[in-house]
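Asker: Residue numbers for the sequence shown follow my numbering, so the first one is 1 and each next one is one higher.
It is worth saying that the hints were derived from the structure and are not from the lab.
No more than 20 Å apart at the CA atoms, straight line, and that leaves these computed lysine to any residue pairs for SDA-like: (1) Lys294 - Gly38; (2) Lys48 - Thr289; (3) Lys12 - Met226.
In this text, all values refer to a predicted model and were calculated from it rather than measured experimentally.
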Amino acid sequence: MFQGFRELLAAKGRTLLIVVTVGMITLMVTFLSSLAGGLSYQSVSALKYRLDSVAGADSALVLTEAGAAPSWSSSQLTDEQLAAVERQGGHPLRIARDRVDADPVIYLSDPTVAPGTAVANAPLVASHPTVNPGGHPLSTRQADKDIFLDHMPVIRISEQDATTLARTNVAAVLDHPGAPIPGTTQLTGSQRWEASSSYQGEQMSLNLMITLLYVISGLVLGAFFMVWTMQRLRGVSISSALGASRRVLAADSLGQAVAVLALGILGGVAVTVAAASVMGGALPIELSTQSTVKPTLILLACGLAGAALSLRPVLTTSPRAALANA
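With the hints as constraints, model all of the structure from the sequences given.
Answerer: Next comes the structure, spelled out in structure tokens:
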């Protein structure tokens, strides 16, 4: 390990270059992951609250059957279909787009809300002590946490008040997947969030970019460590000729890689956290274990895999041949 760290300190420019490269890759991956998490929250947090927190994680979302891409915005369950849902212990889910003054909002029926009241996000409650869905005034109270659907703030109202709304999309919620209902489809697990059209497009494109960044990071780091290993082959050969085992030499090279990766990854995550705190009000960024720890572990694995592949010259070249070619 001593030789590896000494080389890092001796080649400060080269070390700084790869540390900055790793940091930039980490910044892009963690920032995109945080942005994907924030966009996901603004797309389907209301559905997650209604389905997971109220109905339970095993709940099913019942929508009008609409081919390969059912959506809440096109769902119109009939009275007969709703009756079939209620016989299985389910509840209607009424969703309506509306405006409060000039601000677009979505009204969402919730069996936990008392008639005559509306549970809304903090900014709306601060400016509107009452709302008037369907011409019926409801007193507002602040939600424990702001929630959104398709990037619009959600106001939760009772089922009784939701029936007065015009242009309502009608879906339903079952606590557990039930018997098939003609003309409907039941979404479970992560499929439920795909009922939001904005969620599908955003997550597919962002996750594709993140996956490509993982692949690129592995190639870049592997190529860098391969070049670095070839440049330090003379020093490695001298160490081997003096009696250093190949296991020690491999550990020395991997130690270099771990040090460089750790510095770059920690720097990239620190910049992401700082950027999120500064731009959190302008961009939907959500910092979480999923958006920071998971990407850093994947990047660390990619970097170590590239470094491990670059060890082949160290493990296969004889000291005499390496010294002769140096």
